[in-house]
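Sequence lines, in order, name chains A and B. In terms of this note's numbering, the first sequence opens at residue 1 and continues consecutively. In terms of this note's numbering, the second sequence opens at residue 1 and continues consecutively.
Any given hint could be a false lead.
What the hints assert, rightly or not - Here are the computed distance ranges between Cβ atoms for each label pair: (1) R53/A x D391/B: 54 to 60 Å; (2) R17/A x K183/B: 37 to 43 Å; (3) R106/B x D106/A: 57 to 63 Å; (4) D391/B x D14/A: 30 to 36 Å; (5) D146/B x A84/A: 52 to 58 Å; (6) D106/A x G21/B: 29 to 35 Å; (7) I255/B x P121/A: 43 to 49 Å; (8) Y310/B x A84/A: 56 to 62 Å; (9) R17/A x Q17/B: 50 to 56 Å.
No wet-lab data here; the hints were simulated from the structure. Beta carbons: idealized from backbone N, C-alpha and C, even for Gly.
Take a look at the letters that make up each chain.
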Amino acid sequence: MSELTDLYQEVILDHGRKPRNFRAMADATATAEGLNPLCGDHYHVFLKMDGDRIEDVSFQGNGCAISKASASLMSAALKGKSKADAEDLFQRFHKMVVEGDGSQADGLGKLAVLKGVADFPTRVKCASLAWHAMHSALHGDSQPATTE
Amino acid sequence: MSFDVEAVRRQFPVLSQRPYGKRLAFLDSGATAQKPQAVIDAVSRFYAQDNSNVHRGVYDLAERATAAFEGARKKIARYIGADPREVIFTRGTTEGVNLVAQTYGRAHVGPGDEILLTGMEHHSNIVPWQMLAAEKGAKLVVVPVDDRGEVHLADFERLIGPRTRMVAVTQVSNALGTVNPVKEIVRIAHARGVPVLVDGAQAMPHMKIDVRDLDADFYVFSGHKMFGPTGIGVLHGKAKILEAMPPWQGGGDMILSVSFEGTRFNTIPYRFEAGTPDAAGAVGLGAAVDWLEGLDREGAEAHERDLLAYATGRLQEIPGLRIIGTAPGKVAVISFVLTGVHPHDVGTILDREGVAVRAGHHCAQPLMERFGVPATVRASFALYNTREDVDQLVRGLHRVREMFP
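In isolation and in its complexed conformation, chain B is listed as follows:
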């Protein structure tokens, strides 16, 4: 098995379109990844053949829907090295963080306690903790980010104190591409008896994750960033912790029995899945996992590394371009600014060249402030990108320089 990018690209229908008559260079996979035909088909097949509500009916169709939904859970669990009981379906990473903050967090964080984050967190791994801290009279403590866009283990050693109740850290920075040493961070936190939540949203599309090996207490990710559908994601939690956690949303499917006097709650993972779930989304995410498992992942990672090196080199030829985030070993995400041009204007000009990039603060305003820029342009690559996409980006940037010399 070897990695054939052209064969991969043919499986993504969206990539064959021609915006403004130009080839589409989709460099915004950090926002959401495109979907292979196998995922699109799985979702459509579920609605066409297997749709009914899960965990409810006694008829054949209901049984098939439930089997497809639970089959997806098992598949995802196996893929990340977890027990299916530890895989809770959510709407995405944001919902996963909120769930943990509002159940585990509310039960364990009190006045004067601390929640430790890093300076490179996405708003979704800041705001839920900030809301919890405001409610409980706790405070956020922030691990600083250095000029290359890295955090240092010594700072975790220093800042995890007797009042730290949670460490919440991203595995891969969405804005910079930095890969954090989460396994070591977990080890340091656990040595002090502090649990860790890892935001895996940006890691999942770039690398294979083993949650047992990582040993984080909570690992959250989104389906749509790893070639699956939008609206579905996963919260992985260690069974022992999940079993002791109070429920979150109340409703159907999360109960054993209900009377007006009280409710007995269901076992995990169902206790945290109130209401009709996004069954088609779960099936689609299962299909994305199948699709990823059918790839030469090492080959794909090598391909992405090549794209990063090639793009980093070629961007040097643009006058006044500065890359923000230069951590060694980062994934293929390049954030940059151009002197004299606002990223938003760069984005519009690149769009007309068929190049789709993100321009803005990337839901990481504190990080932008750290680097003294209001916004950046971000080219984020996925395994279906090619050197041709990079060339098109560079051509577009020359065009920007013509208009904004």
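Bound-form chain A, shown alone:
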């Protein structure tokens, strides 16, 4: 059985307490909302695109340590990436956390600390919420993203 400490690793607790890029962005070129209707977790993700490149990422909102840490780590990982790289990260992260494919962790850098979430089925949606919002923003969807 996985332990609580596999979920609440120091990096996650740190990003949950002091989220990076946790601000609104006045000059964002794309934004999207992520909403988990079950628990009420609610984020806005802001992207500033420079052509195909993500120049800046930020987020704001309310949620648990897992959702906040995941959003924070995501924002750090996406800065400077191309749209295709962001899509690739999204797919890898999804495979690692939602499908429980731990082998994806190798290509995910710091995001690998969220691998343990896969063993906590009730928390998988927390970890993927901001990612779905980012994905919506990247693709210009106007509906709030949910993890349903």
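On the provided structure of chain A, position chain B as indicated by the hints.
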């Protein structure tokens, strides 16, 4: 007859399991109550021995199924002090509110009219009225909730106006445990000729209800929160009002005769029960009523009061814990927040200690907003809980504080 919690606990098979090797402290009865063996057996016995469709067959088995179903209706009616014709089986509280909104509401609410709710309603007692208001050009008026989680009768006096067509109020708040003075609210509304719907979902498992004494026009509740099965509930309505109400869903069992030219509708309660009902569920709810009637209810209520007082006291030892909802006389429901930790994280850590609590907005987002929190942790007690459950909760919360100092 006295209340013996250990004897009660032995009747709930689910409570004996050991999640993660720990004793199960089930503190989420506000979401759904566990079922005593008597209820489980009644449902299973119905399917094993008495199952056939009700109100249809002429054979012995069909007669037994109908008798069991109608017997459950009579039992529930007697338990709440109603006439069996006033007991309409629904899927639960939500369906009961929707039924009233879409029949009585559609017939009586028009443009510019008002529906009065309180700020502590569950989404199920907000959204059906909001949908009706949008359809009719009516509006919702909300009675405010104070810092302790209470509503005030003076606000009802003030806000029930000439355009108020319905007052819809919960008897017990699912998120805070507040017990509202529904009898007085009904009196105030009736003095102005306004009908009242009372959401009894959270009241039924904690107290004995007499709908005649309460005098509400509609009283709705769910079976599963009062130790009965899921998928069955009751709408109680005063016979005079039900008889004048247009039908809701059309189908079998709600008709007297049908031709392509028109349909003559059945009498109450059948007019509001289209299609094959959840007969086994009704029988299970009847068994839950029998089971409750076999208990020392006063003893059970005293036991719950003791749990609430004990838990409220012990929670004070957790640094940074704030209880949301401190109304005097509330039922054993404790909503709280912990500084620096999101309720969802508290829920996961408590789970590993064998403690089942609800973490979230409790389908009461406007109320959460009122208290300036996105979510709370809710420990909701039932008569089968013990001080040991409280101790386990407190141990779990110390663990939370270790991880989130």
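Cross-check of the supplied hints:
1. R53/A x D391/B: 54 to 60 Å: holds (56 Å)
2. R17/A x K183/B: 37 to 43 Å: Violated, at about 48 Å.
3. R106/B x D106/A: 57 to 63 Å: Given about 60 Å between the Cβ atoms, the range holds.
4. D391/B x D14/A: 30 to 36 Å: Holds, since D391/B and D14/A (Cβ atoms, about 32 Å apart) stay within the stated range.
5. D146/B x A84/A: 52 to 58 Å: holds (55 Å)
6. D106/A x G21/B: 29 to 35 Å: holds (33 Å)
7. I255/B x P121/A: 43 to 49 Å: Holds, at about 46 Å.
8. Y310/B x A84/A: 56 to 62 Å: holds (59 Å)
9. R17/A x Q17/B: 50 to 56 Å: Hint violated: Cβ distance 35 Å, outside 50 to 56 Å.
In this structure, the earlier hints numbered 2, 9 are contradicted, and the remaining ones agree with it.
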